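Chemist: This is what each chain is made of:
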Amino acid sequence: MTGRARARGRPPRQAPALPAVGGAPVPQGVPGQLRGQQQPQQAQHPHPQQLQQPQRPQHPHPQQLQQLHVPPAQAEEPGAHGRLRGCEGVLQERRPEGLLVSSGLQDMSLRDRGGRRRDFHDLGVNTRQAMVHVQESKTGFSGKMIKLTTNHFRLTSRPQWALYQYHVGYSPEMEARRLRSALLFQHEDTIGRTHAFDGTVLFLPRKLDAKVTELFSRTRNGEDVKITVTLTNELPPTSPTCLQFYNIIFRRLLKMLNLQQIGRNYYNPNDPISIPNHRLMVWLGFTSSILQYEENIMLCADVSHKVLRGETVLDTMHSLHSQVGEERFRDTCAKELIGLIVLTKYNNRTYRIDDIDWDNNPKGTFRKSDGSEISFVEYYKKQYNIEISDWMQPVLISQMKRGKGNIQGSVALIPELCSLTGLTDKMRRDFNMMKDLAIHTRLPPEQRQRELGRLLNYIQKDDNVQKELRNWGLSFDYKSVSFTGRVVQGEKIIQSGSMFDYSPQFADWTKETRGVPLIHAVPMDSWLLIYTRRNHDVANTLLQSLFKVTPSMGIHMNKPNMIEVDDRTEAYLRVLQQRITPDTNIVVCILSSSRKDKYDAIKKYLCTDCPVPSQCVLARTLSKPQTIMTVATKIALQMNCKMGGELWSVEIPLKQVMIVGIDCYHDTVAGKQSIAGFVASLNQGMTRWFSRCVVQSRGQELVDGIKVCLQTALRNWSKWNRCLPSRIFVYRDGVGDGQLNTLVNYEVPQFLDCLKSIGADYSPKLTVIVVKKRVGARFFAEIGGGLRNPPPGTVVDTVVTRPEWYDFFVVSQAVKNGCVAPTHYNVVYDTSQLKPDHVQRLTYKLCHMYYNWSGIIRVPAPCQYAHKLAFLVGQSIHREPSLMLSDRLYYL
Amino acid sequence: MPQGPSPALRAVRRSSRRSPGCLSPVGAAACAGRELAVGEKHCQNTMDKNFQEEFTQIIKFQPPLYKQRYQFVKDLVEKYKPKKVADLGCADCSLLWMLKFCSCIEVLAGVDICANVMKEKMHTLSPLPVDYLQPSERSLTVTLHHGSVAHKDPCMLGFDLVTCIELIEHLEESELKKFPEVVFGFMAPSIVVISTPNSEFNPLLPRVMLYRHPDHKFEWSQAQFQSWALETARCYNYSVEFTGVGHPPAGMEKVGFCTQIGVFVRKYPQTGESLQSEKPTEAVYKTVFKAVYPSLKDEKYLQNAVISEVIFTAQIIKHHLMSKHKEYGDECERKPKFQPSMDRFSDHLGKLVVEKDMEPFVSGNEIYIPLTTIFSFPKVNRLCGTFEKLRELIAGKVTLSSDGSAVMFNIEHENEEN
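First to last, the protein sequences are chains A and B. Here the UniProt record's numbering is used: the first residue of the first sequence is 1, the next is one more, and so on. Here the UniProt record's numbering is used: the first residue of the second sequence is 1, the next is one more, and so on.
Hints are not guaranteed to be accurate.
What the hints assert, rightly or not - Covered stretches of chain A (chain B as the covering partner; in silico rule of three or more C-beta atoms under 8 Å from a C-beta of chain B):
{"hint": "1", "stretch": "255 to 262"}
{"hint": "2", "stretch": "344 to 353"}
{"hint": "3", "stretch": "743 to 752"}
It is worth saying that the hints were derived from the structure and are not from the lab. Quick caveat: nothing in here was measured; it's all calculated off a predicted structure. Where a beta carbon is used, it is the ideal one built from N, C-alpha and C, also for glycine.
Work out the full structure, taking the sequences as your base and the hints as a guide.
Modeler: Encoded structure:
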């Protein structure tokens, strides 16, 4: 099926300007692939699952202690503003608390942000210092220079600026924070009007005269209180505490600009883009982070889009009901709604729907904090004057988690009072909807910078904001940073002894390699073609087309065993059980609809019980005569990869090297499982890969499973090459914000342990590179007075990289619409002694090797393979596929 | 910190603390004073144990007194349905926040002498994202002014209800003198609510030495308050009724309510615009906050809502039409089974009197859904009111048939959808 073929073939291209969906914790919000759905001209309709990228864990962390069934917002705390949403990943459990951030600041953020804060920027993880060969320089040299601008803006402070941190003590001891503040701020003439205070730690932009200042206040009870303000720290502008402090201040500014906080970002509610066809509304907003970059502290700001829905959860339930009918209604609701983030009508918080309580309804009661019972209907009437009109609706359940104490509780929400944010999986599958959305969210470079300019303009023009900045002694450079990057030369594509150049502009060699024999074509001597009666003609069309396209590729193909089945899952499975023989090369199933259960059942059977490569095709994708040849070509290539064929290669100068790719898939809805895909190269040309995956339930450690994978990968590599690799490169994708520390401290040592266990005299060179697709940085090439996307092969390793890391950006893919998103590579461990230039080049080469896309993709091929594998297992199979398939790309 | 106090104690503490009267011109110091009152926990800390027990026996306010005061205002709003409400001495805006949910109110204003205390929580008065997503029918503007009740500002004219909850006891003598002229003479709303502590109740509140709050300039007995109120009412042609919240313990009814309240109703009819313009005053208040809530009264939001509803309704009808089509030919895998109870739309479609010109139809690659059909849907109907308004609002924004009588969809690519 080309839908499938293409969808699979879709490389993860860029992810800019994506609507920040629901609760995605990262600025970019939306799975990169959505954005990258640029398919070849004949737009095919991707299969449901394909569009979805594994969701990063996105559990909102409303840091709030709630008892069971206490509806949100108590009257005592009206309109609490949006909560920080944390994300919690596989690695979370062992993440040491309180990294390098001063405890004082954590307290402060608690105050300012309403919750425990995670170190989203991985501050203080200093990996570069351990790598001697990049101490001096981590920059490459090859390629042509290119002038780039970015979305970073310098933060400037007065000369000799410092932030003064004080400890504030009370005698007698005062408990209430508000009282503590009130008592302290009676002395504003001493401490000044500009301050940030969390009850214990006080930050001031200036130094008080004495190191210890004693102040005296009187409570309303006439009690005298001595306040001791002690200077504890003089923070230079670059200290991690200061950086967090800047971020808090900047968020204050956005709030002052009357932007609405939803999740982690701020959005402008005043000019929403409305898409009535789909009842969507898109708000334009900004993501921002202030960090220490190579030479300067800079603000990295990007345009973000928030997709909001003009309907309530109840509306959605009604329309689901009308679509699926009574018997599948509850299941469908659960599938569609659980995991989504909702906004409530009465407060400014976001909640994640974790469950639906069908046995409850608005007439149900809950216990208020004062112990009294009240029904939802009454509560909302009394509290917010809201009349609930539908008393039969179920109740939504949202789990509340409190970071440190791990005190849990859940909150009940009324569907009628909740608005959905973000997109459901179903919407993401809706090609037309995504197309309509993309028009608004994929901003081309010029426009993106213009929107950004508008934000900076607001900041510059707003008196209050300027005053706040002045008071803290801070200001911004309103012109974005410009610098020079490099465009490394294109690779030569090697296929059956011929070399091809591709057009650097499109980064695609579909045309160039058309009709060229594959490096290694697996013959299709014995194969099954299964279809329903209705698709009889379609099956024949496919077969004929395959016979036309395969000879030039060098694929030998016999007539298949053609089998007609009823359009029922069991019928397909029965045929598979009866007709597959040990000689069967591949099974092709033509499906008449994109129903997931049938697809899942077939894949599950053929990946575990009866390991045979399989290809599913949607009948619809074969129905158009004008595209059938292209479709057949794609399918032939894809099938060949699945059977162990090799398509093309690029020159890899390093010898005896094994490349590993790892990515994770988190099943947030169903089983709460996480799946790590692990893919390792088997040969010099990087054309064959060994694949395994680790399926683990929530809370289990990922690393142990990966150790086993690495061991078997090494065994297989040595079987293929009759020696062990002398160099190992691990490209690790799927590392969430704030998880870097865990990776460096736990996962890397596990790799080393594993290598040690292979043999005492075996010590290969190991390089571990963390791959991050969702980054805030955007680069624009200044070409002809305008801003364009930088060409594929653009490497950035200065100015916007981090001084404490050996990191670089590569723009490897080409995009037709919107802004290209660079991929960030962070070399966290490296004993290879290779020059940074070589590591960069190798990385770029590997982006050419993804066989489902005859072009360059966003990440090194092993990462994308690992992603595909984890995705297939997470979505359809739910356990580790048979190892019999492990030397083939059966999951493409 | 020791275990929290009994709920009763907490109640009382709150009762005395939430005196949102921070109108005294003392300014920042007064604000801080107010803040101090907030330190309930502290009070609990240092409270003598025996005292506590005795205390609990004496007084029990449930719900807390400050809530009772707010509820009193809310009930009043429910009863009189004022459109414009001002809260003098709004402090941390909690009363305003409660009032913003009252659907009759279209203008809410708060005034306080201390800008900082207003700013602290004023963001709670901003519209929520959902207010933008589902604009309400009523319009609502919330404004906060920094200023004194001893000064007249034209922005305070034309209100229906003015509330002064625990305000007057914070006023200096000179301000208190000017207060009636400003509120009753100048603002002259239909209703004024004034609440203030009843000093006769104070002996029941331990640890209240002189006044309940250090910033209080006085606390009146019932007789004192009533004579002041009656005199003021007489002078400005209002009637006044007395009530209160916080019932005294049984057997001590003589003491009166813990908080005494006077409700003043203007005896003469609404002052005309002309009369107000005869009160030339300069603006002395400083606006510190203003939020205009999205409302369907605003053409921009109405149009968006109508377009969205029209297209959505049309889509539903189209969906029905096409699934009906399918049912005949195909061995369709999932025949939609509509459950009228849960399915408003099919329900409505069924009930529609199917007149000839209201029936949607397919012609070639196009589907036509007559506007009259769409207009007959309650939601669309309610939004637009008239058919002409519907046409006017969607003109140029929704693809219509050539004669403009029907919404048109091209379904050529439709089959490619799932």
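Chemist: Hint by hint, note whether the structure agrees.
Modeler: The hints, checked one at a time:
no. : hint       : in the structure
1   : 255 to 262 : holds (count 4)
2   : 344 to 353 : holds (count 5)
3   : 743 to 752 : violated (count 0)
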